[in-house]
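**Student:** The residues making up each chain are set out below.
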Amino acid sequence: MGLLLVALFIGLSGYNVPQAFSALFIGATGLQLVPFKVNLFPLAQSLAQTAPLLFTGAAIAFALRAGMFNIGAQGQMVAGALATAVVGAWDPALLSPLHIVLCLAVGGIAGGLLGAAAGLLKAYRHVHEVLSTIMLNYVAADAADYLVTHGLKERHSMAPQTVKISQAVYLHPLVSGSGLNAGLFVAVVAAVGASLVIKYTSLGFRIRTVGENQEAAAAAGVNVPAVLTTTMFISGLLAGLAGSVLVLGLEHRYIKGMTGTYGFDGISVALLGGASSVGVTVAALFFGGLTSGAGYMSLQTNVPDSIAIVVQAAVVLFAGARTLPWRQRRQPAPVAKPTKGAFAPVDAADD
Amino acid sequence: MTDLILSLTWGTLYYATPLTLAAMGGVLSEKAGVVNIALEGFILAGAFAGVCAADVSSRYGVFLSNVIGIFAAVVVGALLGLLHAFLTQKTRMDHVVSGLGINLLASGATQYLYLHEYPQGLTVTGIPRWMFLVAAVVLPFIVQFLLVRTHWGLKLRAVGESCEGAFMAGVSALPVRFAAVTLSGVLAALGGAYLSLADDHNFSTDVSAGKGYIALAAVIFGKWNPLGAAGGALFFGFFYALQTELQIRHISAHFLGISWTNSFLLDMLPYIMTIVALASVIGRAVPPADLGREELAG
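Those sequence lines, one after another, are chains A and B.
Residue 260 in the working numbering is what sits at position 260 of the first sequence, and the numbering runs on without skipping anything.
Residue 17 in the working numbering is what sits at position 17 of the second sequence, and the numbering runs on without skipping anything.
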């Protein structure tokens, strides 16, 4: 359905639809069917796009389990990237792997703190997390812009960027020239880890309980505000790691605007991927390929690559409609998790 | 000094205009029980549709092209509003998911069409800003009258407070909610048309820059009351105006080694104030009881 809509879109604006789609496919997978050829580079580029999407997708999926919409992955990612760039440039005379771990940890915590701020606002002041995280996105972006043009700016450089990080913490490309690096493995581990926490720990159980029914959870003795805050911290941590990996593997510094829209794209990843880590991984692969393929398509056929956003919208609208009439018959299981929730919680009036 | 106060006042009024228009849409939709994150997308789509239609029809003269531009914004807003109503009411999609999807759709489609149709950018003659300002001043009172004094307003509030209760009283929720959400699309799109036709005379991607969300914050700030929401819009408009004035006048304030009047830091002002306002008010605000609930009866 979504693809049909997009085909209509491209076709109506006067482009050659099959040509555009084949360019999209080649750009995404590196597979050329006639004549058959496998290019490693486009595939590596798609996988490189997958890594940050997997982080942000897992981050948003994690918060969804507690019934929270973390739209703030974008800002949390900016915080993570900037913090990593600062720690990466610092030379602590540590072994390189330890320094990398330190960079990741600091990036994750920076993102986590921003997430926790939204969690606290939700838990104690009943500020809906969608509004607070969106506002925090703007705040984080502006604050980062300020820092890289003032205090943290590389001296003698015109560009709004920090100094390069130490070579010791570079994540090197796995396919030469591409953006694919070990960050993808970190992302997979983080995504799987997050779903293990949800499934097998007592915290995960409390998170799921809060997500299903806050009042019941509170009645059963769960400290709901604490769970909401912790969930948002972990979610922000995952999103912050996306920024860390971009800095360590790709840009090797913080540059204004380097975080793209991975934070927002993660929303589609999480909604399409649903609750499981496998689902989120597959969704991240799909959108990674889509983003990378759309870039290639726009080079080849001049179709603006904003079309990728339209595809995402289609996915959210179709995957999110868990009981579309024609879907109900074939697919009993809901695609999106249950986020019951009045906009400002109704229980605000009760307690 | 009087000069500063005067320009701050006008700035507040003009920045509050699109916020008020969108916030009135938000009040109607949320009073009827439909969460409306999609205001942002309505604004963006309305901005593009307005300026695009005005540009296409520019050969018919300024007046007619403006009328056509407004009309296009209204139609696109109504269509997106209908989509939001359909998704939340007919397919029972989560209201926030539907809103996010519509925002993504508006963002992607306007960006795509803009880059595709106007790689060089576009400029239109546009509409004087005061026309929208008049609308924004009058509208809260009209919406207030509509909600409190009319039969339809009573039905709308009943549907938002309790779907079952309304159903028992013989009011079917669906038509009321569809009308309310469609109308909210129209109003928010008018706010968008203000941004593109009256304020900028052109279009830029992401011209809405979170104004839909801030309008929603104004609704909550005003406790779901039209006049209160307009007050909230003025409140946020003031911080936009303050930020612009400080930037234009190069007023500098150094403290702790930080230039607090740097443009990036000033840009944060409306957003931070939104968070502060929400955190300080919402504990006391009571939303419509059935807000965001799926419609069960009818």
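Honestly, the hints are just simulated from the structure, not real lab data.
Hints may contain errors.
[To be verified] In silico contact screen, one side only, chain A against chain B (beta carbon under 7 Å); selected entries:
id, residue
1, L131
2, S132
3, V139
4, Y146
5, A313
Just so you know, even glycine gets a beta-carbon here, dropped at the ideal spot from N, CA and C.
**Student:** Please go over all the hints and tell whether each is borne out by the structure.
**Tutor:** Going down the list of hints, with the structure as the test:
A hinted interface residue such as L131 of chain A counts as satisfied when its beta carbon comes closer than 7 Å to some beta carbon of chain B; here the least separation is about 6 Å, so the hint holds. Because the beta carbon of S132 of chain A sits about 6 Å from the nearest beta carbon in chain B, less than 7 Å, this interface hint is met. Contact between V139 of chain A and chain B, as hinted, is supported at the beta carbon level, the nearest pair being about 5 Å apart and thus within 7 Å. Hint status for Y146 of chain A: holds, given a least beta-carbon distance of 4 Å to chain B, under 7 Å.
Contact between A313 of chain A and chain B, as hinted, is supported at the beta carbon level, the nearest pair being about 4 Å apart and thus within 7 Å.
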